[in-house]
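Student: Okay, here's what each chain looks like letter by letter:
Number of protein chains: 2
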Amino acid sequence: MKGLPLIQSLMFELKKLPGIGPRSAERLVQYFLKTEDLKSLSSILSNLNHKIKKCKECFSFTEEKDLCSFCEDDSRNKDLICVVEQAFDIFRIENCGIFKGYYHVLHGVLSPLNHIHPKDLTLKQLKERVLKKSFKEMILAIDSDLEGDTTALYIMESFKELDIKISRPALGIPLGSDLSFVDNKTLGQAIENRSYF
Amino acid sequence: MKGLPLIQSLMFELKKLPGIGPRSAERLVQYFLKTEDLKSLSSILSNLNHKIKKCKECFSFTEEKDLCSFCEDDSRNKDLICVVEQAFDIFRIENCGIFKGYYHVLHGVLSPLNHIHPKDLTLKQLKERVLKKSFKEMILAIDSDLEGDTTALYIMESFKELDIKISRPALGIPLGSDLSFVDNKTLGQAIENRSYF
Numbered sequence: 031m032k033g034l035p036l037i038q039s040l041m042f043e044l045k046k047l048p049g050i051g052p053r054s055a056e057r058l059v060q061y062f063l064k065t066e067d068l069k070s071l072s073s074i075l076s077n078l079n080h081k082i083k084k085c086k087e088c089f090s091f092t093e094e095k096d097l098c099s100f101c102e103d104d105s106r107n108k109d110l111i112c113v114v115e116q117a118f119d120i121f122r123i124e125n126c127g128i129f130k131g132y133y134h135v136l137h138g139v140l141s142p143l144n145h146i147h148p149k150d151l152t153l154k155q156l157k158e159r160v161l162k163k164s165f166k167e168m169i170l171a172i173d174s175d176l177e178g179d180t181t182a183l184y185i186m187e188s189f190k191e192l193d194i195k196i197s198r199p200a201l202g203i204p205l206g207s208d209l210s211f212v213d214n215k216t217l218g219q220a221i222e223n224r225s226y227f
Numbered sequence: 031m032k033g034l035p036l037i038q039s040l041m042f043e044l045k046k047l048p049g050i051g052p053r054s055a056e057r058l059v060q061y062f063l064k065t066e067d068l069k070s071l072s073s074i075l076s077n078l079n080h081k082i083k084k085c086k087e088c089f090s091f092t093e094e095k096d097l098c099s100f101c102e103d104d105s106r107n108k109d110l111i112c113v114v115e116q117a118f119d120i121f122r123i124e125n126c127g128i129f130k131g132y133y134h135v136l137h138g139v140l141s142p143l144n145h146i147h148p149k150d151l152t153l154k155q156l157k158e159r160v161l162k163k164s165f166k167e168m169i170l171a172i173d174s175d176l177e178g179d180t181t182a183l184y185i186m187e188s189f190k191e192l193d194i195k196i197s198r199p200a201l202g203i204p205l206g207s208d209l210s211f212v213d214n215k216t217l218g219q220a221i222e223n224r225s226y227f
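Chains as they are written, first to last, in the working numbering: chain V, 31 to 227; chain B, 31 to 227.
All the given hints hold, so there is nothing to weed out.
If chains are identical, the list can't say which one is meant, so a pair holds when it fits in one copy or spans any two.
No farther apart than 30 angstroms at their CA atoms in a straight line, the calculated lysine-lysine pairs in the DSS-like style are these: (1) Lys-108 - Lys-166; (2) Lys-157 - Lys-195; (3) Lys-154 - Lys-86; (4) Lys-162 - Lys-130; (5) Lys-149 - Lys-130; (6) Lys-108 - Lys-32; (7) Lys-86 - Lys-157; (8) Lys-130 - Lys-154; (9) Lys-45 - Lys-95; (10) Lys-84 - Lys-46; (11) Lys-95 - Lys-32; (12) Lys-83 - Lys-69; (13) Lys-163 - Lys-32; (14) Lys-162 - Lys-108; (15) Lys-166 - Lys-84; (16) Lys-32 - Lys-69; (17) Lys-83 - Lys-64; (18) Lys-32 - Lys-130; (19) Lys-162 - Lys-64; (20) Lys-46 - Lys-69.
If you are wondering where the hints come from, they were derived from the structure by calculation, not from laboratory data.
Whole structure, please, built from the sequences with the hints as guidance.
Tutor: Put into structure tokens, the structure is as follows:
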């Protein structure tokens, strides 16, 4: 793009973004060029890194405070802690309206292939936190894929001498599903872990 | 997202972008939160609107200059002008390495359904430009869909008394295609407009 260094820089920056290829980047540039007010987006991005911090307790995100709104909330259920992979998972679980305990964000899962080891997650801090507080149960709301399972097993091993129950969300058939659309493995799990009435 | 107004604002701004739904917006926020340096992107966005202008001649984009790099280039073929829908189309045509004339950007196509009328495009300026200069041929590199065809017809009508040849890029089978993958209409056009050796 001869003679248009600013547009070229913008394309370059946009193409770095996850899920944004050359055509999407072009669409975004065309949109930005037609949009009057880019001050909001620009200012949010420039403030983001110094205003957003990690909660000192659960490692979720906070804006300029030491504790997030969940850790600050003394009225929540102090018996329960729910471990998640990413901060956004907290909001998904909260939105179910079922869980009233506290959270802990690992910021990833163990993955030797991707060079993610225990020290790269907040596992040490999780242990210190459980030793310090009086949680009765820890729910590992981690994806049930290879790396998630590995991480869950690591945690279970790491906490086995502690007096805390460890659980994981039930695997099974999604509500309202047609049995014929459920994959074999999930169906097998659902039969194996059937619930009684 | 309780207690996180900055992140909420960022999600809101991102979801406005074309091709960005809630899941993509979330991915982008997660990426931005992990990225150290957002100053480049932020500064480009805040500078974009006041640094990018439209070329006074062809209405392509320029950075703080009156004329774009093509219009400024006196060595180009003064007999040819190529009309395009959007500024990005110029770079696509240039990259073919075949066209050496000048360009003109309409910034859209006629579309009564979308309230885009002749006055919303740079048609008047195109006519003034052709009357002023000595172009021998005008290539309408406009999409061959309903609105593109309508726009091309409008231009042809509007210029019919002028001494300028009007052409459109050939419709036909893309190079290297398997005949069995070409749709009927395109194949029909290719047979009708066959070239001779």
